[in-house]
Amino acid sequence: MSKLSNKFKDMTDTNLLLTITIVVFFLMYIGAIVFQGKGFLKPQTFFNILNANAALIILSCGMSTVMIAGGIDISVGGMTALVTMCCAVYLDPTRGGAVANMDPNSGSVAVSMLIAVLIGLAYGLVQGFLVAYLDIQPFIVSLAGMFFARGMTTIVNTNPFNVANEKFVALKETRIIVPGMGTVNKLGKYVDAYVEIGVVVALIVVIVMFCLLRWTKLGRSFYAVGGNKQSALMLGINVKHTKFMSHIICSLLAGIGGYVYFLHVGSGAVTHAQGAEMNAIASSIIGGTMLTGGVGNIIGTFFGVLSLSTIQNIVASAGLDQAWWTGITIAAMLCIFLVVQSVVMARKKSAVKK
Amino acid sequence: MSKKILIIVLTISLVMMMAGCSLIESGPVSSFDMESESETESEEDLIVVGFSQVGAESDWRKANTESMLSTFTKEKGYELIYEDAQQKQQNQITAIRTFIQREVDYIVLAPVTEDGWDTVLSEAKEAQIPVIIVDRMVNVEDPELFECWVGSDFELEGRKVCEWIRAYLEYKEIPAEEVNIVDIQGTLGASSQIGRTRGLKDAVRANGWNLLEEAAGEYTQAKGREVTSRLLRKYDNINVVYCENDNEAFGAIEAIEASGRRVGSNISRGQIMVVSFDGVSDQAIEYARKGKISCIGECNPLHGPRVEKIIRDLEEGRTPDKYEYVDENVFSGDISITSINLDETVYTVTILGK
Numbered sequence: 002m003s004k005l006s007n008k009f010k011d012m013t014d015t016n017l018l019l020t021i022t023i024v025v026f027f028l029m030y031i032g033a034i035v036f037q038g039k040g041f042l043k044p045q046t047f048f049n050i051l052n053a054n055a056a057l058i059i060l061s062c063g064m065s066t067v068m069i070a071g072g073i074d075i076s077v078g079g080m081t082a083l084v085t086m087c088c089a090v091y092l093d094p095t096r097g098g099a100v101a102n103m104d105p106n107s108g109s110v111a112v113s114m115l116i117a118v119l120i121g122l123a124y125g126l127v128q129g130f131l132v133a134y135l136d137i138q139p140f141i142v143s144l145a146g147m148f149f150a151r152g153m154t155t156i157v158n159t160n161p162f163n164v165a166n167e168k169f170v171a172l173k174e175t176r177i178i179v180p181g182m183g184t185v186n187k188l189g190k191y192v193d194a195y196v197e198i199g200v201v202v203a204l205i206v207v208i209v210m211f212c213l214l215r216w217t218k219l220g221r222s223f224y225a226v227g228g229n230k231q232s233a234l235m236l237g238i239n240v241k242h243t244k245f246m247s248h249i250i251c252s253l254l255a256g257i258g259g260y261v262y263f264l265h266v267g268s269g270a271v272t273h274a275q276g277a278e279m280n281a282i283a284s285s286i287i288g289g290t291m292l293t294g295g296v297g298n299i300i301g302t303f304f305g306v307l308s309l310s311t312i313q314n315i316v317a318s319a320g321l322d323q324a325w326w327t328g329i330t331i332a333a334m335l336c337i338f339l340v341v342q343s344v345v346m347a348r349k350k351s352a353v354k355k
Numbered sequence: 002m003s004k005k006i007l008i009i010v011l012t013i014s015l016v017m018m019m020a021g022c023s024l025i026e027s028g029p030v031s032s033f034d035m036e037s038e039s040e041t042e043s044e045e046d047l048i049v050v051g052f053s054q055v056g057a058e059s060d061w062r063k064a065n066t067e068s069m070l071s072t073f074t075k076e077k078g079y080e081l082i083y084e085d086a087q088q089k090q091q092n093q094i095t096a097i098r099t100f101i102q103r104e105v106d107y108i109v110l111a112p113v114t115e116d117g118w119d120t121v122l123s124e125a126k127e128a129q130i131p132v133i134i135v136d137r138m139v140n141v142e143d144p145e146l147f148e149c150w151v152g153s154d155f156e157l158e159g160r161k162v163c164e165w166i167r168a169y170l171e172y173k174e175i176p177a178e179e180v181n182i183v184d185i186q187g188t189l190g191a192s193s194q195i196g197r198t199r200g201l202k203d204a205v206r207a208n209g210w211n212l213l214e215e216a217a218g219e220y221t222q223a224k225g226r227e228v229t230s231r232l233l234r235k236y237d238n239i240n241v242v243y244c245e246n247d248n249e250a251f252g253a254i255e256a257i258e259a260s261g262r263r264v265g266s267n268i269s270r271g272q273i274m275v276v277s278f279d280g281v282s283d284q285a286i287e288y289a290r291k292g293k294i295s296c297i298g299e300c301n302p303l304h305g306p307r308v309e310k311i312i313r314d315l316e317e318g319r320t321p322d323k324y325e326y327v328d329e330n331v332f333s334g335d336i337s338i339t340s341i342n343l344d345e346t347v348y349t350v351t352i353l354g355k
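In order, the protein sequences belong to chains Y and B.
If you're matching positions, the first sequence starts at 2 in our numbering and goes up one per residue.
If you're matching positions, the second sequence starts at 2 in our numbering and goes up one per residue.
What the hints contain is simulated information worked out from the structure, not anything from laboratory work.
Careful: at least some of the hints might be erroneous.
Unchecked claim - Incomplete in silico selection of chain B near chain Y, CB under 7 Å: (1) E84; (2) D106; (3) S123; (4) K126; (5) A128; (6) Q129; (7) P131; (8) V205.
Claimed, not checked - Taking lysine-lysine and the DSSO-like style, the derived pairs with C-alpha atoms no more than 30 Å apart in a straight line are: (9) K173/Y / K126/B; (10) K323/B / K63/B; (11) K310/B / K187/Y; (12) K168/Y / K126/B; (13) K230/Y / K218/Y; (14) K310/B / K89/B; (15) K168/Y / K89/B; (16) K43/Y / K173/Y; (17) K241/Y / K230/Y; (18) K323/B / K190/Y; (19) K126/B / K190/Y; (20) K89/B / K173/Y; (21) K77/B / K187/Y; (22) K323/B / K77/B; (23) K291/B / K310/B; (24) K173/B / K291/B; (25) K63/B / K235/B; (26) K310/B / K75/B; (27) K63/B / K75/B; (28) K89/B / K75/B; (29) K43/Y / K230/Y; (30) K202/B / K187/Y; (31) K218/Y / K349/Y; (32) K323/B / K89/B; (33) K75/B / K43/Y; (34) K187/Y / K75/B; (35) K187/Y / K126/B; (36) K43/Y / K202/B; (37) K77/B / K63/B; (38) K63/B / K202/B; (39) K187/Y / K218/Y; (40) K126/B / K75/B.
C-beta atoms are modelled at their ideal positions from N, C-alpha and C, and glycine is treated no differently.
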């Protein structure tokens with residue numbers, strides 16, 4: 002007992018919440034395999050969850066960073082839509098209605114990536130400046146940012162359309178075969194398991210962000226500022242600069258995430274990524290990031306996204322055919338996680354005192 | 002002390018798991034219990050159909066879903082997996098991938114937009130699952146990617162309603178220059194929107210009417226009201242409102258009445274004529290009977306039995322027609338026009354009695 006309890010006491014808040022998230026995710030997935038067998042036994046089902054949520058993973062990493070630093074950014078969904086539309090119009094100006102009769106293959110994919118990153122950077126600079134140096138509430142700033150992004154998307158182009166640029170389509174269709182994970186389908190044919198390029202990008206982002214938050218000075222100062230601004234200031238941390246950087250990182254990741262989303266769907270539309278910011282916040286919270294700041298872990302966020310989409314998958318496979326069932330189960334899940342978080346924290350605090 | 006905490010954590014996760022499972026098992030629409038009883042003998046015989054529906058945005062859509070749900074029942078030997086995409090193509094693509102992983106026998110797709118289906122449909126083809134498209138059309142390079150299509154000729158619907166307007170105005174001797182139309186469009190990019198808009202545009206060109214503006218109403222009542230009241234403020238000479246579905250028409254009528262104008266066919270006396278499509282809900286028929294909606298182009302939502310017939314054909318090795326159009330009526334509460342003539346075909350107008 003004492004060994005276990007010591008371990009438990011020694012754990013930081015961040016690691017404790019992370020453990021809960023990972024345990025719950027695995028319980029849920031094993032539960033799905035046991036109760037619903039069929040699809041969940043195939044590795045490709047899991048990879049499909051990754052493929053469909055690569056962009057959300059990247060957005061959530063950014064969201065977690067900004068939440069750890071005590072802020073919030075609800076403009077990421079709007080930015081995703083803006084990025085998809087700008088890149089789509091750039092890659093296929095004729096269908097985008099910008100220029101008549103232009104060769105859809107003239108646009109270069111590299112430039113479209115640059116556009117995505119630049120949009121992210123511009124957003125980060127403006128929002129970060131407003132939040133950090135003018136001391137405006139991050140919620141209000143990013144709310145304005147969200148409306149602006151959706152509005153700009155409509156100005157760029159109203160109609161949703163698919164990009165026909167060959168180089169882009171080739172990149173979009175590229176599949177990375179996961180060796181040894183394929184299955185034999187009912188026709189007796191062996192089908193390879195695959196992931197899209199976006200998944201690789203997402204995994205890189207997760208690893209980079211994990212290292213950044215864990216081992217760099219900037220990463221540690223996010224925790225310090227989010228945990229207690231006053232103490233951070235006394236420790237000699239540049240609070241304003243830290244906050245500014247958290248928004249830059251979040252928006253940059255939203256730009257990259259927007260491009261990954263674009264790679265997944267291959268079209269530009271105003272309605273893209275609607276509610277993505279809320280899913281990102283939910284994933285971060287499920288992953289053990291606290292809205293009050295100072296606590297969180299990128300690995301947890303990663304599992305948060307997976308948990309969120311696994312539960313959606315379970316609800317759909319269970320034959321609960323009404324769309325609101327998904328919403329209700331997510332709400333229940335969030336609720337339970339929040340309660341667990343606060344109970345654990347309260348218990349731990351009193352345990353440490355004793 | 003801390004052992005207690007560990008126990009609490011584990012209990013909560015367990016409770017959550019159980020809550021999750023019991024939620025799934027006791028869901029009102031799920032027939033989990035029945036299934037597990039009969040699983041042993043009838044599992045093999047059930048034809049599994051995956052149905053990806055656009056959403057539940059209009060009365061037409063709800064009637065369409067209801068038709069599918071009531072056709073593909075366990076008693077008839079089907080298991081229907083229904084997925085509501087909430088207007089997002091992304092969700093539909095994910096749903097189709099889930100169907101492929103679950104190895105369903107047939108996929109029925111009501112696509113939200115026309116473009117962007119090549120990849121996922123070729124995945125279905127690779128898995129040799131026949132795809133039946135209902136309602137709106139898909140725009141794919143290889144028409145072999147889907148088995149067949151069932152739906153309405155939206156352009157013909159639009160042309161019929163326009164022809165009714167033309168015949169009516171001729172009957173009332175109202176000159177074409179005095180006709181000022183606004184078009185409340187449906188979800189941009191949807192086949193129904195494209196076809197109905199094209200039908201109107203052709204008629205405007207042929208008859209010399211004035212088309213003041215096209216505005217997107219997204220097939221919803223709220224948006225229909227919002228857009229119409231904006232247009233009424235902008236133009237004071239509107240006398241025909243062309244709504245691309247009934248729900249938009251309900252919103253438009255609310256907006257017109259709120260502005261102090263009256264709806265009706267008598268446009269020479271300052272009334273505003275509202276025409277619409279679908280004719281599915283009782284309210285729409287009631288409005289047409291009262292003359293609030295002058296003319297409704299019917300759009301038949303009862304696709305369930307037709308899709309079932311196609312599946313029966315495929316099961317028995319017959320090849321169904323690639324494109325199957327549904328016969329549709331024109332409804333009006335006004336007795337002046339009893340039939341319309343398009344391309345030498347005479348369509349009788351169904352007059353709704355008082």
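Practice task
Go through the numbered hints given earlier and state which of them the structure violates, listing their numbers in rising order.
Solution key: 2, 3, 4, 7, 8, 23, 25, 29, 30, 36, 39
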